[in-house]
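Sequences and hints are given; from them, build the entire structure.
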Amino acid sequence: MIELETTLAVVLLIALNFYALMGGADFGAGVWHLMARGPTRRNQHHLIGNAIGPIWEANHVWLILVVTILFSAFPSAYAQISITLHIPLTLLVIGIVLRGAAFAFRHYDVKDDEIHVRWDQIFAVSSLISPFLLGIIVGTITAGHFPMNPDSFFEGYVSPWIQPFPLVMGLFSLFLFAYLAAVYLLLETDNDQLREIFRKRAIMAVLVVGLLEEVVLLLGRSGAPRLWGELTGSLWGLSIQLGIGGLTMVSLWFLMTRRYWWARTCAILQVTLSLWAWGIAQFPYLVPPYLTVFNASAPEITLRFILGAIVLGALVLFPSLLYLFHVFKSGPLLVKGSNNK
Numbered sequence: 005m006i007e008l009e010t011t012l013a014v015v016l017l018i019a020l021n022f023y024a025l026m027g028g029a030d031f032g033a034g035v036w037h038l039m040a041r042g043p044t045r046r047n048q049h050h051l052i053g054n055a056i057g058p059i060w061e062a063n064h065v066w067l068i069l070v071v072t073i074l075f076s077a078f079p080s081a082y083a084q085i086s087i088t089l090h091i092p093l094t095l096l097v098i099g100i101v102l103r104g105a106a107f108a109f110r111h112y113d114v115k116d117d118e119i120h121v122r123w124d125q126i127f128a129v130s131s132l133i134s135p136f137l138l139g140i141i142v143g144t145i146t147a148g149h150f151p152m153n154p155d156s157f158f159e160g161y162v163s164p165w166i167q168p169f170p171l172v173m174g175l176f177s178l179f180l181f182a183y184l185a186a187v188y189l190l191l192e193t194d195n196d197q198l199r200e201i202f203r204k205r206a207i208m209a210v211l212v213v214g215l216l217e218e219v220v221l222l223l224g225r226s227g228a229p230r231l232w233g234e235l236t237g238s239l240w241g242l243s244i245q246l247g248i249g250g251l252t253m254v255s256l257w258f259l260m261t262r263r264y265w266w267a268r269t270c271a272i273l274q275v276t277l278s279l280w281a282w283g284i285a286q287f288p289y290l291v292p293p294y295l296t297v298f299n300a301s302a303p304e305i306t307l308r309f310i311l312g313a314i315v316l317g318a319l320v321l322f323p324s325l326l327y328l329f330h331v332f333k334s335g336p337l338l339v340k341g342s343n344n345k
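All the letters of the sequence shown, read from the start, carry residue numbers 5 to 345 under our numbering.
Watch out, some of these pointers could steer you wrong.
[As the list claims (entries may be wrong)] Pairwise CB distance ranges, derived in the manner of DEER restraints:
| # | residue 1 | residue 2 | range |
| --- | --- | --- | --- |
| 1 | 157 | 262 | 44 to 54 angstroms |
| 2 | 308 | 284 | 19 to 29 angstroms |
| 3 | 80 | 266 | 39 to 49 angstroms |
| 4 | 221 | 306 | 36 to 46 angstroms |
| 5 | 153 | 262 | 51 to 61 angstroms |
| 6 | 64 | 163 | 28 to 38 angstroms |
| 7 | 41 | 156 | 14 to 24 angstroms |
| 8 | 219 | 243 | 15 to 25 angstroms |
| 9 | 10 | 108 | 53 to 63 angstroms |
| 10 | 64 | 276 | 13 to 23 angstroms |
| 11 | 318 | 97 | 21 to 31 angstroms |
| 12 | 196 | 156 | 50 to 60 angstroms |
| 13 | 156 | 226 | 35 to 45 angstroms |
| 14 | 219 | 162 | 20 to 30 angstroms |
Everything labelled a hint here was simulated from the structure, so no lab data went into it. Each residue gets a CB set at the ideal place from its N, CA and C atoms; glycine is no exception.
Now the structure itself:
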């Protein structure tokens, strides 16, 4: 029988998976909002706003679930992460809050007012910085840069997350979310001009993602030896690497041949496989090399209550999300200049 600790670790990874596929794509859409140029700039902004507007708040449910599970089920790991990484974590929270506030204010503010431009800029820059910080946090946890008795503030709370491996993980997360967003946006409009813009961006992003995947793996040899060993020294690790590489190439081909639904499917599978490869390689460690899901867990009675609450919550959450997507995502979002007039 699977241990309660392992079960909750799997639930934690599932929540991270949903957040990457939904909240991550929202961050990526904000990146493309910042990069919008040319005569279609306003239409690009309109498309992005319509695409994420109905669901952007709901996507953070998954991040809240991740934090709640970590705090209540694995308090020792939560404490270590939140103390050592309090600087990037604080900046991440500020970025998420500013991004959400700016997105709401830009929607209700006067469109031609100068402050509306400022809301756009805050929204876009926060969307750029937040996924970068999220990748840095994940990269630091993966590398296990958690000094127990630091000699200085810099060594204890800055040095762990400004190493090459976490920084490249930050770039990888940023481009991965941008790629995901570009692929999603292809199916949010039937405007051929906009589709061509985001098709080219998706191709560019997936090529950068493929390159950064290899850089992350190479840096992992010294920066995250456990990840490197699991992904290069085992049959399952090599198989997953081949699978991710194959999905990258197939997704690129679907984008080049304009088969957008299949490109989106490959992108979702690529992100999911990458995340689960990381999770399996990390297991059972939450904070390498000291804290595992077993020695950092709460008492058994607490874990049982948490698991029961998650099951009950899922019975409400999933039908609600399905209904939300049914209402707001049942068809393409048309923008001004659509071909279907």
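>> Can you tell me whether the CB distance of residue 64 to residue 276 sits inside 13 to 23 angstroms?
In response: holds (19 angstroms)
> Does the Cβ pair residue 157, residue 262 satisfy 44 to 54 angstroms?
Replying inline: With a Cβ separation near 53 angstroms, residue 157 and residue 262 satisfy 44 to 54 angstroms, so the hint holds.
> Do residue 219 and residue 162 keep their Cβ atoms within the hinted range of 20 to 30 angstroms?
Replying inline: holds (23 angstroms)
>> Given the hint of 50 to 60 angstroms, is the C-beta distance from residue 196 to residue 156 inside that range or not?
In response: holds (57 angstroms)
> Is it true that residue 80 and residue 266 lie within 39 to 49 angstroms of each other by Cβ?
Replying inline: The hinted range 39 to 49 angstroms holds for residue 80 and residue 266, with Cβ atoms some 44 angstroms apart.
> When you take the CB atoms of residue 153 and residue 262, is the distance between them in 51 to 61 angstroms?
Replying inline: For residue 153 and residue 262 the Cβ distance comes to about 57 angstroms; the hint holds.
>> 14 to 24 angstroms was suggested as the range; check whether the CB atoms of residue 41 and residue 156 agree with it.
In response: The hint (14 to 24 angstroms, Cβ to Cβ) is violated, given that residue 41 and residue 156 are roughly 44 angstroms apart.
> Okay, residue 318 versus residue 97 on CB: inside 21 to 31 angstroms?
Replying inline: holds (25 angstroms)
> residue 308 and residue 284, beta-carbon distance inside 19 to 29 angstroms?
Replying inline: Given range 19 to 29 angstroms: holds, Cβ gap about 25 angstroms.
> At the C-beta level, are residue 221 and residue 306 separated by a distance inside 36 to 46 angstroms?
Replying inline: At roughly 37 angstroms between Cβ atoms, residue 306 and residue 221 fall inside 36 to 46 angstroms, so the hint holds.
> Is the hinted range of 35 to 45 angstroms satisfied by the C-beta distance from residue 156 to residue 226?
Replying inline: violated (23 angstroms)
> Falls inside 28 to 38 angstroms, the C-beta gap from residue 64 to residue 163?
Replying inline: With Cβ atoms ~30 angstroms apart, the hint holds.
Going down the numbered hints, you'll see the structure goes against 7, 9, 13, while the others check out.
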